[in-house]
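Trainee: One letter stands for each residue in the lines below.
4 protein chains.
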Amino acid sequence: MAESTQNCCDRLVVDPDARDDARMRLRSIRGHVDGVLRMLERDDVYCVDALKQIKAVQGALAKTGDLILRAHLKHHVVTAHQRGDEDAIVAELMDVLKYR
Amino acid sequence: MAESTQNCCDRLVVDPDARDDARMRLRSIRGHVDGVLRMLERDDVYCVDALKQIKAVQGALAKTGDLILRAHLKHHVVTAHQRGDEDAIVAELMDVLKYR
Amino acid sequence: MAESTQNCCDRLVVDPDARDDARMRLRSIRGHVDGVLRMLERDDVYCVDALKQIKAVQGALAKTGDLILRAHLKHHVVTAHQRGDEDAIVAELMDVLKYR
Amino acid sequence: MAESTQNCCDRLVVDPDARDDARMRLRSIRGHVDGVLRMLERDDVYCVDALKQIKAVQGALAKTGDLILRAHLKHHVVTAHQRGDEDAIVAELMDVLKYR
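Protein chains in written order, with the numbering used here: chain A, 20 to 119; chain B, 20 to 119; chain C, 20 to 119; chain D, 20 to 119.
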């Protein structure tokens, strides 16, 4: 709307295909979280079975993050020098990536 | 002794306090996943904002896993030698922990 | 020798077989680190090639950690209830494992 | 155009400052690995002490990887569109980053 923005790049929106893919995956992840919740309703649930399910959800989230990251690199990071926002885009990306 | 089971230890159920805590956290995580989904409905969502939210959900899941792991260690693993299922309990635990 | 100890369990030494295996792996890791250092002497080294090597060293370290963890679980954690140091052993183990 | 090469970008060398910083850190990491090796020479080393040291080395390696990654983003990725090697540079970067 106005000129000034909080972060460097909020005109840079998630690519529509990546956004569709991410939403599909997140709906599946929500269903998986519901499944773990139902599992934990039972008083006979075994610790390691719950841990395995949580690990599976983490893997699915990591893949969702990877696809958004790939889209961000492809659509925004590789063109940052041309736009002139390269310092900001690298700083904020490292903030998300570092040590993960 | 009785009906043999697939894993060593399915009589070893998640401690009730840990189970309550994990369910509370998972309900919050489900809400967080819903929030990321709503964020991704918008066509002006910025990649790095989505990545940050996914990273936050991963952190919350990791903490939930940690509390179940702690309960498993405290209630089941430290007593495994007495029950005699130590080989099985170590093998299946390493399967979940390794390389994570 | 004396009664008071810094941590609960410093009488609990690394199993000799695991110790031999870990040393063998760490010598190989040291060689790998030397290789990355030599790679970085060259002024024509490519970023991604260095990143791949660092990732490989991290994988080798993770496997070394896993074998010591497995030995710790097998030789010390599963017997903690009998020794009576279970609270301390779980607390310090979670400190190393959490969020990793 | 010229001699084709295996990866897209092997003319893209590590920035000299980042290379110096990485070498300094890797020399320190090598010393740390030596320290863990000496620790494991002793037959009274405690598992968790070894695990803590390995975790510390992993943290130092992760920081070294982060600084090379930051240099790669800053010096090579943000200019990829102008060079025209963006598809290759994104593909190989995701290969290193994914799921880490």
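Because the hints were derived from the structure by calculation, they are not lab data. Even glycine gets a Cβ: it sits at the ideal position worked out from N, Cα and C. Any given hint could turn out to be false.
Label pairs and their computed distance ranges (CB to CB) [to be verified]:
{"#": "1", "chain 1": "B", "residue 1": "G50", "chain 2": "C", "residue 2": "D63", "range": "47 to 55 Å"}
{"#": "2", "chain 1": "C", "residue 1": "D114", "chain 2": "A", "residue 2": "R46", "range": "35 to 43 Å"}
{"#": "3", "chain 1": "A", "residue 1": "G78", "chain 2": "D", "residue 2": "A107", "range": "22 to 30 Å"}
{"#": "4", "chain 1": "A", "residue 1": "K71", "chain 2": "B", "residue 2": "G50", "range": "22 to 30 Å"}
{"#": "5", "chain 1": "C", "residue 1": "E60", "chain 2": "B", "residue 2": "D106", "range": "45 to 53 Å"}
{"#": "6", "chain 1": "A", "residue 1": "D53", "chain 2": "C", "residue 2": "A110", "range": "43 to 51 Å"}
{"#": "7", "chain 1": "A", "residue 1": "D53", "chain 2": "C", "residue 2": "D53", "range": "15 to 23 Å"}
{"#": "8", "chain 1": "C", "residue 1": "E60", "chain 2": "A", "residue 2": "D53", "range": "51 to 59 Å"}
{"#": "9", "chain 1": "A", "residue 1": "A75", "chain 2": "C", "residue 2": "Q101", "range": "49 to 57 Å"}
{"#": "10", "chain 1": "A", "residue 1": "R57", "chain 2": "D", "residue 2": "R102", "range": "47 to 55 Å"}
Below, a list of computed lysine-lysine pairs in the PhoX-like style, where the Cα atoms sit at most 25 Å apart [to be verified]:
{"#": "11", "chain 1": "D", "residue 1": "K74", "chain 2": "A", "residue 2": "K93"}
{"#": "12", "chain 1": "B", "residue 1": "K82", "chain 2": "B", "residue 2": "K71"}
{"#": "13", "chain 1": "C", "residue 1": "K71", "chain 2": "D", "residue 2": "K117"}
Chain C is faced by these chain B residues, among others (derived, beta-carbon under 7 Å) [what the hints assert, rightly or not]:
{"#": "14", "residue": "H51"}
{"#": "15", "residue": "G54"}
{"#": "16", "residue": "L56"}
Trainee: Which earlier hints turn out false for this structure, listed by number in ascending order?
Mentor: 6, 7, 9, 11, 14, 15, 16
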